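Those protein sequence lines, which keep their order, are chains A and B.
Per UniProt numbering, the very first residue in the first sequence carries number 1; after that it's consecutive.
Per UniProt numbering, the very first residue in the second sequence carries number 1; after that it's consecutive.
It is worth saying that the hints were derived from the structure and are not from the lab.
Keep in mind the model is a prediction, meaning the values are calculated, not measured.
Watch out, some of these pointers could steer you wrong.
[Stated by the list, open to error] The calculated label-pair distances, taken between Cβ atoms and stated as ranges, are:
1) Arg12/B / Glu192/A: 55 to 61 Å
2) Glu192/A / Glu72/B: 55 to 61 Å
3) Asp142/A / Thr174/B: 35 to 41 Å
4) Lys9/B / Asp175/A: 44 to 50 Å
5) Thr174/B / Arg138/A: 39 to 45 Å
6) Ala80/B / Gly133/A: 43 to 49 Å
7) Pro8/B / Thr174/A: 22 to 28 Å
8) Glu43/B / His54/A: 39 to 45 Å
9) Arg79/A / Arg131/B: 38 to 44 Å
10) Glu135/B / His54/A: 48 to 54 Å
11) Arg12/B / Val141/A: 39 to 45 Å
[As the list claims (entries may be wrong)] Here chain B is said to cover these stretches of chain A; the calculated rule only asks that three of the stretch's residues, wherever they fall, bring their Cβ under 8 Å from a Cβ of chain B:
12) 107 to 118
13) 122 to 130
14) 139 to 149
15) 174 to 183
The beta carbon of each residue, even a glycine, is placed where N, CA and C say it ideally should be.
There are 2 protein chains.
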Amino acid sequence: MTTADRTPKQDRGRATRQRLLEAAVACLAAHGWAGSTVTVVAEHAGVSRGAAQHHFPTREDLFTAAVEYVAEERSMALRALFPQGTADRRAVVAALVDLYTGPLFRAALQLWVAACDEEQLRPRVTELEARVGRETHRIAVDLLGADESRPGVRETVQGLLDMARGLGLATLLTDDAARRRRVVAQWAELLEQALD
Amino acid sequence: MTTADRTPKQDRGRATRQRLLEAAVACLAAHGWAGSTVTVVAEHAGVSRGAAQHHFPTREDLFTAAVEYVAEERSMALRALFPQGTADRRAVVAALVDLYTGPLFRAALQLWVAACDEEQLRPRVTELEARVGRETHRIAVDLLGADESRPGVRETVQGLLDMARGLGLATLLTDDAARRRRVVAQWAELLEQALD
């Protein structure tokens, strides 16, 4: 018996689903909403169109699930980077900013922009974005050891995440990693003063 | 003789050009790159397609010129808000953030995202973005009375503008004006401490 034979049907279904989600994010990041269809993603993932539609009946289902899945993966990876909780704050700030400079952010951005004028997409993306945003905020507060009962701390962390998103936007067309590092270093220092 | 008769041909040309540029930004903000063609903009502006193409031979010409024109208009308006130079820094921060929450930012964002996978658009948008970014940075430094010869000050101002961009992105799908005001108030205070 081969490994494939031993894999239960459910596990195979899960693996297919995961391949589709990962291909969907890569496709969205590379080709935008207009160039991202279920057919294209199924092809990338090496899955039949029928199987793809079994897992995700609509295009909106596939792409919102994909952004959510990858966001969760990245959140878990971020927490795993700092298993002891509050660590070097500068390292935490850099890792938070990194969340917004990869393919996931590009994919999410494509989805946000498409949602602006697609009625079917908009409520789902708005809700997804709020959920992912809350989770990222929670992680940031934990890893930075920020005490949100103190006035201004909540807004300081929110502003930091807004800055991270803005830095992500700036890297969309040009690689400005050197500038980004300098900005992150400086604001990590300001943040340190604000949180202590 | 009516006013129109007295207007020299050149002035009429300039007025037509301006109407096209304003209509182009509005169209891009509302309908995205895919929904924005020279024909649609000409119609909005009440200008013939031929006249539009006389002013802007290609679609790329029209939309990059439009974003640049409106960005310049907004920069001038921002400077005019604070004619005495350095004013209340919190008011300056709020006005800088406002740059990124209107139709201009939506239009620019549509253009950035489209430029990611349109070879003809990409170098022009990259160059435009760098030019507009430099000018906004210069205005921010002037209005905040920031002394860039001091270490960290340049990066502090850059991070602030990144935050403003991130806040603009957050308003794309939901009106989060109340949250934004609180973040701006808090970051203006951090900035005040960093610049003094």
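Status of the hints after comparison with the structure:
no., hint, verdict
1, Arg12/B / Glu192/A: 55 to 61 Å, "holds (59 Å)"
2, Glu192/A / Glu72/B: 55 to 61 Å, "violated (38 Å)"
3, Asp142/A / Thr174/B: 35 to 41 Å, "violated (25 Å)"
4, Lys9/B / Asp175/A: 44 to 50 Å, "holds (46 Å)"
5, Thr174/B / Arg138/A: 39 to 45 Å, "violated (19 Å)"
6, Ala80/B / Gly133/A: 43 to 49 Å, "violated (35 Å)"
7, Pro8/B / Thr174/A: 22 to 28 Å, "violated (42 Å)"
8, Glu43/B / His54/A: 39 to 45 Å, "holds (44 Å)"
9, Arg79/A / Arg131/B: 38 to 44 Å, "holds (40 Å)"
10, Glu135/B / His54/A: 48 to 54 Å, "holds (52 Å)"
11, Arg12/B / Val141/A: 39 to 45 Å, "violated (59 Å)"
12, 107 to 118, "holds (count 8)"
13, 122 to 130, "holds (count 5)"
14, 139 to 149, "violated (count 0)"
15, 174 to 183, "holds (count 4)"
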